[in-house]
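Produce the complete structure using the sequences and hints provided.
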Amino acid sequence: MTSTLRKNSIVASGGLLLVILPILVSWSGHDYYISLFSRILIYGLAAVSLDLLLGFSGMISLGHAAYVGIGAYVVAIFFHHASEMEPLFTWPFVLEGSENGLLVLPLAVLISALFALVIGSLCLRTRGMHFIMITLAFAQMLYYFFVSLEKYGGDDGLSLYSRSSIPGMDLGNDIHFYYLCLGSLLVFIFVARRLVYSRFGLIVRGCSNNERRIRALGINSYSYRLALFVIAGAGAGLAGGLLANQTEYVSPGLMHWTLSGELMVMVLLGGLGTLFGPVLGAAVFLLVEENLAMYTEHWMVYMGPFLVLVVIFAKRGLFGLVAGGENGNE
Amino acid sequence: MLLVIEQFLNGLQLGITLFLMSAGLTLVFGIMQVINLAHGSFYMIGAYVGATVAAASGSFLLGVAAALPAAALCGMVVEFVVLRRLYEREHLDQVLATFGLIMFFNELTRIIWGRQPLFMEVPLWLGGSVELLPGLVYPVYRLAVIGVGLAVAVSLWALFAKTRLGMQIRAGGVNRKMVGALGVNIKLLYTLVFGLGTLLAGLAGVMAGPILAVESGMGESILILTFVVIVIGGIGSIRGAVAGAVLVGLVDTLGRAFLPAVFRMLFDSSTADSVASSLASMAIYILMAAVLVVKPKGLFPAHS
Chain A
1 MTSTLRKNSI VASGGLLLVI LPILVSWSGH DYYISLFSRI LIYGLAAVSL
51 DLLLGFSGMI SLGHAAYVGI GAYVVAIFFH HASEMEPLFT WPFVLEGSEN
101 GLLVLPLAVL ISALFALVIG SLCLRTRGMH FIMITLAFAQ MLYYFFVSLE
151 KYGGDDGLSL YSRSSIPGMD LGNDIHFYYL CLGSLLVFIF VARRLVYSRF
201 GLIVRGCSNN ERRIRALGIN SYSYRLALFV IAGAGAGLAG GLLANQTEYV
251 SPGLMHWTLS GELMVMVLLG GLGTLFGPVL GAAVFLLVEE NLAMYTEHWM
301 VYMGPFLVLV VIFAKRGLFG LVAGGENGNE
Chain B
1 MLLVIEQFLN GLQLGITLFL MSAGLTLVFG IMQVINLAHG SFYMIGAYVG
51 ATVAAASGSF LLGVAAALPA AALCGMVVEF VVLRRLYERE HLDQVLATFG
101 LIMFFNELTR IIWGRQPLFM EVPLWLGGSV ELLPGLVYPV YRLAVIGVGL
151 AVAVSLWALF AKTRLGMQIR AGGVNRKMVG ALGVNIKLLY TLVFGLGTLL
201 AGLAGVMAGP ILAVESGMGE SILILTFVVI VIGGIGSIRG AVAGAVLVGL
251 VDTLGRAFLP AVFRMLFDSS TADSVASSLA SMAIYILMAA VLVVKPKGLF
301 PAHS
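Taken in order, these protein sequences are the chains called A and B.
In terms of the numbering used here, the first sequence has 133 at position 133, counting the first letter as 1, and numbering is strictly consecutive.
In terms of the numbering used here, the second sequence has 278 at position 278, counting the first letter as 1, and numbering is strictly consecutive.
It should be emphasised that the hints constitute simulated quantities derived from the structure, not laboratory data.
Built from N, CA and C at the ideal position, the CB exists for glycine as well.
Check before you lean on any hint, since a few could be wrong.
Said to hold, decoys possible - Pulled a few chain B residues facing chain A out of the computed Cβ check, cut under 8 angstroms: (1) Ala97; (2) Gly100; (3) Trp113.
This is the structure:
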């Protein structure tokens, strides 16, 4: 009981801190930190969506960045066509470009989910090591596809000249944008929590423990796992759509497998199967990167061994260390 | 026709490199049940050490002779210090720890050798070309790579099928505890197998040195191709690694060489080029997806 209380109070104070952060930052005068924290929230969102797979269903996807990239490219491609005044395609119907955030962000989610559906339906035929390598290979396939897609910048990527527009908000304003990211993250965590502790979540978690028993109960485990894979892809797509807006630039690098690996690191650092932890993990990873990079350009030579140590000795992640309580898969 | 044969040989040569990589990796997967993302790092270490020693001594053979033990030694140290602790852990832990190792090795090579790629020269006695068929001239070096790869494949087969050590390794993959109970030092055996795998990766790296640029991060592009090979061939199977490597090498090389021409016959030139180039770079992944739909465990599953 006390550990639940402790956990809830940590989550609540963390949430409160994020809500008032822009006030603190503008008061301290380091406006740069607003955009850094927007980035943290976006990566946090992507990491939370990956946590759904890693922490609750045991599906180790090493290609999660692909959906981040797709979401980002959806926003960028619609923007590109809107600024060139050229329709995306004219057959079977005319589709015009757009920079309306209320249109392109949901589209980013939808199209990433669609890709996750197709890729997931193939990948989920396999298990264990095969699954890891196949998710990785599909992500690389998309990476090479976008590298060779000359129309949208190929290797060089695509620049956006401004952020998407949402009625009543000025996304060009970093504080407004920050709250959009925070809102998206909170909504996704809320949905994910409801999902994980529902009957659906019970089945998915059951699959990772003993799939044969779940099947013996007459449940088609494949479609449940696929549904979770699609939801995780959708979350990553939303993160991608926001990331394209945040940096006003997309490139195939967003799909590169090192980003998938980094997302995994964030989940692990924060705490596997905790949903809040990955946000903390993203914050720590990006802040460490930011600060170590200031002292040495070779920060990765320290980060690598640190990661190995975390894997071997601190399995519960930072969230587990501060919040206590049960491990992972509660 | 001559062009087709030449590209076929190029594909074979890529396949051989991929085989050297995947043989080691598939052993580690199949026998120790460990997923090792850092396998590409040993390829990179082999290439760097080989290039440095060859440049300093002026002898390509000395470079190779230095690269092999360097890669094997690094591999055994990594096994002893890190991977040994992860055998009983979940795949996720193995992925994350070996991802950390990649970061470490990539950055370490940047610290030691800098950001500029190194270039390795083809030794004089392997320089030049031979005329295989009238009109078909092919570099001797690439032929030598193919020859070395074939020799390694045969000796690996002999090692596993004919020797006592090979028998123990195969038995260790089936039942680790039983082999230990029979008095085999299974920990040492695993370290040796891991070292053998990284030695082959180092060999692949040093042989790729004169063909590709030696740079930090070179291990990752080949690592992902190696994964594709292993998935196609079936995890843990040397036979699968041979078949998968040749298939992937050929599909990738021939796709890049001939898809543009095929598409130019079908569409107008600008669309043809962009479609063909993206299809060519995606071809092996499409091949992999197709194999998986038909045979989810790969073409030659190890324990079928």
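To see whether the hints hold, each was checked on the structure:
{"no.": "1", "hint": "Ala97", "verdict": "4 angstroms, holds"}
{"no.": "2", "hint": "Gly100", "verdict": "3 angstroms, holds"}
{"no.": "3", "hint": "Trp113", "verdict": "13 angstroms, violated"}
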